[in-house]
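Participant: Place chain C on chain W using the hints.
There are 2 protein chains.
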Amino acid sequence: MNWKASAKAKNRVLARVSPTPKEAGEEKKFALQLAVILQKMGGVKVSFVGSAARDTGLKGDNDIDLFVQFPASMEKEDIVEKTFSYTRKNIKANWIVRYAEHPYLQARMDSFKVEVIPCFIVEPHAGIKSAVDRSPLHMDYLQKRLSPQQRGDVRVLKQLLKNNGLYGAELAIRGFSGLVCEYLILNYRSFEGLVENASKWKPPVRIDVSGGSIKHFPEPFVIIDAIDRNRNAGAVVSDTNLNRFISLCQAFSKSPSEKFFFSTPKKQGKRETESAWRKRKTQLALVEFEAPDVVEDILIPQLKKTEENAARQVWLAGFPVFSSASFVSGKKAFLLFELPFASRPALKKLVGPPAWNEKAVEGFLKGKKPLRGPFVEGDRIVVDLRDENESIFGLLEGLKKKPVVWGVASHFLAPIRKARILKNEKIFSSSCVKELAEYFFKKEPWL
Amino acid sequence: MNWKASAKAKNRVLARVSPTPKEAGEEKKFALQLAVILQKMGGVKVSFVGSAARDTGLKGDNDIDLFVQFPASMEKEDIVEKTFSYTRKNIKANWIVRYAEHPYLQARMDSFKVEVIPCFIVEPHAGIKSAVDRSPLHMDYLQKRLSPQQRGDVRVLKQLLKNNGLYGAELAIRGFSGLVCEYLILNYRSFEGLVENASKWKPPVRIDVSGGSIKHFPEPFVIIDAIDRNRNAGAVVSDTNLNRFISLCQAFSKSPSEKFFFSTPKKQGKRETESAWRKRKTQLALVEFEAPDVVEDILIPQLKKTEENAARQVWLAGFPVFSSASFVSGKKAFLLFELPFASRPALKKLVGPPAWNEKAVEGFLKGKKPLRGPFVEGDRIVVDLRDENESIFGLLEGLKKKPVVWGVASHFLAPIRKARILKNEKIFSSSCVKELAEYFFKKEPWL
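If you read the protein sequences in the order shown, they are chains W and C.
Per my numbering, residue 10 is the first one in the first sequence, and the count goes up by one each step.
Per my numbering, residue 10 is the first one in the second sequence, and the count goes up by one each step.
In isolation and in its complexed conformation, chain W is listed as follows (with noise of 0.2 Å):
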């Protein structure tokens, strides 16, 4: 790799998007301010934790997370008693109660966004009372360890994951979360020594930052958590996106440019991503319904699963489906199902019992008119019937009457009752164009 492109492609980057000292400031004194608040609990201790205090946000990040940390010794209820009462008769903020794995405090303040959240302190690998307590000891091993340099590269690296669909562990992209950032060039020490790394990759990858983790985890994706060596740090990435940075890295290696981290992919309306689907000569199904008011990690893992579930009995039913695809626009959910053709052959060859067994072979002929046959083909008895010339459009009603049947998930079961089907060029009517546009002229933009 030429590092000396990729060093000056990176502090273009870090210009562009680099929180000014300002803003870093004004955040930074803006925390304080609150954890000096907080830490008059008494028995606490008040950490301001995540990237925004680690300076490895990117601009326009406004987050700020203050963990109030009590002793293990406590119980669960007590600390979320405690921190939510104190908060709100001390911090004046219109405070909403979240849910992760414990509940949690979140509040606008003029351009920042708060959350309070209780945990307890803990010692590094020696278990966790609830998720959250690991973020007060990533910040401690992360603010000791990363240097100014390492800190910058850090944004890079996020910069070039989040213009390539690969930054945030959230269910609905599978992607690199900020701590994963920070262990990899942690553990490679640059940006340019992880990319290069990186595009040698052949997957499964395992990274061990601090050492000393035996356990094996099933992922393609292993980065052994530095304060906790049970947990995988990477286990959300997918196969798909794992093979898709290590693809990433290859193409920056080999000509290092800013033009991987600011893309302009050309805007593609209505009108062209019709035109795309034409060239393909399939069948479109689109099926839209009310999106149920769940959280992102419920919606989409539902989603997907209706999706899978649904193509599942489409194929069952004697229609192959090319392709298929789920997503999310506004407060409406999508299912779309691209085939070859929109309907089944009209003929169906019954294959019955063998013909010596007269029994069963009375049984399977009772009531049918055959189309051609019964006649006997090697041992068995066989007819030709009329099958049900359905379409594709048709069968799909089945999924609005029997939803149970065909496996949509829990919180999809009622709004799908209500859906609608469009067909083909219908479908571009519909509020997903941006989805459907990013499906008709999916690429990866480096290849």
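All the given hints hold, so there is nothing to weed out.
Treat identical chains as interchangeable: a pair holds within one or across any two.
Here are the computed lysine-lysine pairs in the PhoX-like style, where the Cα-Cα straight-line distance is at most 20 Å: (1) 375 - 263; (2) 290 - 451; (3) 54 - 38; (4) 211 - 368; (5) 452 - 377.
Since the hints were derived computationally from the structure, they do not count as laboratory data.
Facilitator: Just chain C, lined up with the frame of chain W:
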């Protein structure tokens, strides 16, 4: 089974299918005259053999088979030469030479088809020098054992099989030979005994008339040859035809009647056949070409092999085949393909090498013009490509142009290059309307 009803039907059948005593007498007299002449060759034993000789033949089967038996110590060339020259000199007829495992003479004399076959004298189970050596032994064995009643039952059985397409060991039929019929009646004592037993058969079926066989045979239908226990006289019977026979016997057992012996199937003409096809809503492609001038036992297997190989190629090209068939009609051979769709999908998803394998990905993408992609799926590089939107009719031109690649059998390689390919309703103008009617109205008459 109602034996009385069966006996009644049998008597009526016998009256219709037995040669008159006059016919039988004349045939035997004529045969014996010829045998006397051949006997004068010296050093030989002449046998009048076959169903006519045993009174088990159907009316109109005027075959006279004369076996000229020589000591096993002689050479095959010598016995052929001696038989041919003596016969030609002493029996004036328009003799032609035919070839089975070895040559023999055939001539039409008055209303009889006479065959003079040189062979060797062998002992039962002692190994033969040529396949024809067995015939005189069969004659000896059966002549001694079949009662007059049973000879009638053999005729009845043959008529039942003939009427249902199950009679004859030729490869176009793969049914029951005359010898098998005689062994079956001998084994089960009577026609009714056979039918009652056969209606309870569950393949594989093994019958050892004279006992003492231990050899394993792989076929579903095993009739140990009473004069050669290392031979399966039922080897040619197909799995389908064995099961058809069992099913037929079940139906006959239920209500014995003359209708099983003389059906008058509704004659299905061009119009009815075409209309039966239209109800199926399928696509038809018929390949028509000159049938090469070879014996049926070579023609039929080669045609079947050609059909199967071509159908596989059609599948591999992305066209599901509902059913295929092949037949010979007059001087033409035909391959029929029935498909649910005439076109294959316009789009093809091509899965390439692992995304992390930079060299392989580069090679894979070189020169490709994807309709969508490249993108990563799992660990693979994937592209959507335009597939030639070829029709099945266009595809079959390849069968004419590259018959070797398509797996066309040797004797068809030349004529298939000049084949005609007919589409859908056009196929009903071909010369194989009878065979098409059999295909579209295929049905076991007794079911």
